[in-house]
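Visitor: Next come the chains, spelled out residue by residue.
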Amino acid sequence: MKANVIVFPGSNCDRDVKVALEKFQIQTTMVWHQENTLPKADLVVLPGGFSYGDYLRCGSMASKSNIMKDVIKHAENGGYLIGICNGFQILTETNLLPGALLRNKKLKFICKYVNLIVENNNTPFTSKYKKKENIKIPIAHNEGNYFADEKTLDEIQSNEQIVFKYCDEQSNINEESNPNGSCLNIAGITNKNKNIIGMMPHPERCVEELLGGSHGSLIFQSLIN
Amino acid sequence: MKFEVFVTLKDEVLDPQGKAVENALNNIGLKSIKQVRQGKYFVLDIDENDENKASEFVKASCEKLLTNQTIENYKFNKI
Chain A
1 MKANVIVFPG SNCDRDVKVA LEKFQIQTTM VWHQENTLPK ADLVVLPGGF
51 SYGDYLRCGS MASKSNIMKD VIKHAENGGY LIGICNGFQI LTETNLLPGA
101 LLRNKKLKFI CKYVNLIVEN NNTPFTSKYK KKENIKIPIA HNEGNYFADE
151 KTLDEIQSNE QIVFKYCDEQ SNINEESNPN GSCLNIAGIT NKNKNIIGMM
201 PHPERCVEEL LGGSHGSLIF QSLIN
Chain B
1 MKFEVFVTLK DEVLDPQGKA VENALNNIGL KSIKQVRQGK YFVLDIDEND
51 ENKASEFVKA SCEKLLTNQT IENYKFNKI
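Protein chains in written order, with the numbering used here: chain A, 1 to 225; chain B, 1 to 79.
Same shape as in the complex, but just chain B (with noise of 0.2 angstroms):
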């Protein structure tokens, strides 16, 4: 059973790579972007048939090392 994860900074932390790439889009002629955000993107493979405990994995997952809490939120989706 597959899972994507979206692993995003947190508003209130600065993002200057994000910022680089919106300071480039806008130097390529895209001038409609307003705001870029960086973020990392995982696909996990579970060994589980049961959703709802796979999602319990996935849960696990991010919170005890694919994000670090303090600075970063997550989301997942099953693909």
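For reference, chain A alone in the conformation it holds in the complex (with noise of 0.2 angstroms):
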């Protein structure tokens, strides 16, 4: 399997992103935003970080950058595509994935593992976590507070696209277990077709036990499944 990174000015987890995906086997080439093509891959990945600082909302630039073509390209002829962190912010702001993601509730930068429920193991990112499996993942966010308006919920409930939810370690989803506030405790979504996952939480900082933990490694081991 190969795969490229999208590296935007800001990006900061995407050597972090490579070296998880190499340690699965996946063939990664970093490729810089400026660029109009795509390598040929069957994985693209939107990192994490601050792209460009987070100015007028975060993502919002980035997902106007030329190489956002190509991958929205990629995207509607089935490629895979993975947004974490500020990559899932791009995702909503290209329009891929709906909602958007707001300040947190309590206005602070939120950088800790939290517990999350898989609510939908029936996608390519997800095959290999058991349906309602309680993982650990850390998340590192400012702004991640999930928001859709109410017909867009229903729509995502009716369509399973909810793939990951904030939880407690006795798996209660609730208000105290919502570390951001974010509609329905969402974490992760995907789109319809279930090849493009947006995600909070960080899954590559999470694949070696020597680093805390090891719950991440499922996302990419479904991937070369």
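Check before you lean on any hint, since a few could be wrong.
[What the hints assert, rightly or not] Covered stretches of chain B (in silico footprint by chain A; criterion: 3 or more residues with CB under 8 angstroms from a CB of chain A, positions within the stretch not fixed):
no. : region
1   : 3-16
2   : 26-34
[Unchecked claim] Simulated pairs of lysine-lysine, DSS-like, Cα-Cα distance not exceeding 30 angstroms:
no. : chain 1 : residue 1 : chain 2 : residue 2
3   : B       : K34       : A       : K64
4   : B       : K59       : A       : K64
5   : B       : K53       : B       : K34
6   : A       : K73       : A       : K151
7   : A       : K108      : A       : K64
8   : B       : K2        : A       : K64
9   : A       : K18       : A       : K131
10  : A       : K73       : A       : K106
11  : A       : K2        : A       : K136
12  : A       : K192      : A       : K151
13  : A       : K136      : A       : K108
14  : A       : K105      : B       : K34
15  : A       : K194      : A       : K23
16  : A       : K108      : B       : K64
17  : A       : K151      : B       : K2
18  : A       : K105      : A       : K165
19  : A       : K165      : B       : K19
20  : B       : K40       : A       : K108
21  : B       : K10       : A       : K106
22  : A       : K2        : A       : K128
23  : B       : K10       : A       : K165
24  : A       : K105      : B       : K64
25  : B       : K40       : A       : K69
26  : A       : K106      : B       : K34
27  : B       : K64       : A       : K192
28  : A       : K194      : A       : K112
29  : B       : K34       : A       : K108
30  : A       : K151      : A       : K108
31  : A       : K151      : B       : K53
32  : A       : K151      : A       : K130
33  : B       : K10       : A       : K151
34  : B       : K19       : A       : K69
35  : B       : K34       : A       : K73
36  : A       : K69       : B       : K59
37  : A       : K105      : B       : K40
38  : A       : K64       : B       : K78
No lab work stands behind these hints: they were computed from the structure.
The model shown is predicted, which means the values in this text are computed figures rather than measured ones.
Even glycine gets a Cβ: it sits at the ideal position worked out from N, Cα and C.
Two independent chains are provided; combine them into the complex using the hints.
Guide: What follows is the structure, given as structure tokens:
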């Protein structure tokens, strides 16, 4: 399997993602945002960070960069596309995923491990997880408060687009286990076709027990399956 | 030709920054504040003499970049 990681000015998880992908023998190319064409690959990753210094709205400038035209084509042709953290914000700004990511409800940058429930394991990114499995993946964001209007929330629920929800150790999904105020405790969603995923937690930061956890590994293992 | 653009969060979108400003105003004794909503302000200087054409350009700028229409509204005036 081959992957492209897009590098924007201000990306800072791009090399972490490359290390994670290569751990699972996914051959990875770094692609600068000003390029016009994507090298041929099965997967494109929009990494975490602060593209364009989060100017205007997080991800808004990156969503208009040269390479995004080809990234959109890749996704529309059914190619796999992952947006992690700032990458998720970029995906909502390009309208490849519904909704938007607002400032955290308590106006604080949150950097910690959180518990997540796997709501849908019937996607190319989550097939190695068990349904309703409780996993631990770290978050690190200031704008991760997922918002969508009622109609959109109904749609993404009926299309089974919600992949991860924030919960606690006992798998309770409620206000106390919601770190940032996200609608329905949403931490990650896919598009209708399930070839695009956006998630605020950072799976690339937990692919080694030595680094504190390995629950992120199954995303990459699901992809190479 | 100059235009001012105001970008505001839709009513149904929570504005924690506006709320924090509201609380701070209350804390310094300005108690008559009912609600604060925070927004953005832009000035666009358009290289165009026809006002209709310039307005179209501003509208396109608002819809394609300056706002995220999932969460924000915009309005603009010639200044």
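Visitor: A separate judgement is required for each hint: does it hold in the structure or not?
Guide: Hints versus structure:
| no. | hint | in the structure |
| --- | --- | --- |
| 1 | 3-16 | holds (count 4) |
| 2 | 26-34 | violated (count 0) |
| 3 | K34(B) to K64(A) | 38 angstroms, violated |
| 4 | K59(B) to K64(A) | 17 angstroms, holds |
| 5 | K53(B) to K34(B) | 39 angstroms, violated |
| 6 | K73(A) to K151(A) | 27 angstroms, holds |
| 7 | K108(A) to K64(A) | 27 angstroms, holds |
| 8 | K2(B) to K64(A) | 24 angstroms, holds |
| 9 | K18(A) to K131(A) | 27 angstroms, holds |
| 10 | K73(A) to K106(A) | 37 angstroms, violated |
| 11 | K2(A) to K136(A) | 27 angstroms, holds |
| 12 | K192(A) to K151(A) | 15 angstroms, holds |
| 13 | K136(A) to K108(A) | 21 angstroms, holds |
| 14 | K105(A) to K34(B) | 20 angstroms, holds |
| 15 | K194(A) to K23(A) | 24 angstroms, holds |
| 16 | K108(A) to K64(B) | 29 angstroms, holds |
| 17 | K151(A) to K2(B) | 37 angstroms, violated |
| 18 | K105(A) to K165(A) | 16 angstroms, holds |
| 19 | K165(A) to K19(B) | 26 angstroms, holds |
| 20 | K40(B) to K108(A) | 21 angstroms, holds |
| 21 | K10(B) to K106(A) | 19 angstroms, holds |
| 22 | K2(A) to K128(A) | 19 angstroms, holds |
| 23 | K10(B) to K165(A) | 25 angstroms, holds |
| 24 | K105(A) to K64(B) | 26 angstroms, holds |
| 25 | K40(B) to K69(A) | 28 angstroms, holds |
| 26 | K106(A) to K34(B) | 20 angstroms, holds |
| 27 | K64(B) to K192(A) | 23 angstroms, holds |
| 28 | K194(A) to K112(A) | 27 angstroms, holds |
| 29 | K34(B) to K108(A) | 24 angstroms, holds |
| 30 | K151(A) to K108(A) | 29 angstroms, holds |
| 31 | K151(A) to K53(B) | 35 angstroms, violated |
| 32 | K151(A) to K130(A) | 29 angstroms, holds |
| 33 | K10(B) to K151(A) | 15 angstroms, holds |
| 34 | K19(B) to K69(A) | 38 angstroms, violated |
| 35 | K34(B) to K73(A) | 47 angstroms, violated |
| 36 | K69(A) to K59(B) | 22 angstroms, holds |
| 37 | K105(A) to K40(B) | 19 angstroms, holds |
| 38 | K64(A) to K78(B) | 26 angstroms, holds |
Going down the numbered hints, you'll see the structure goes against 2, 3, 5, 10, 17, 31, 34 and 35, while the others check out.
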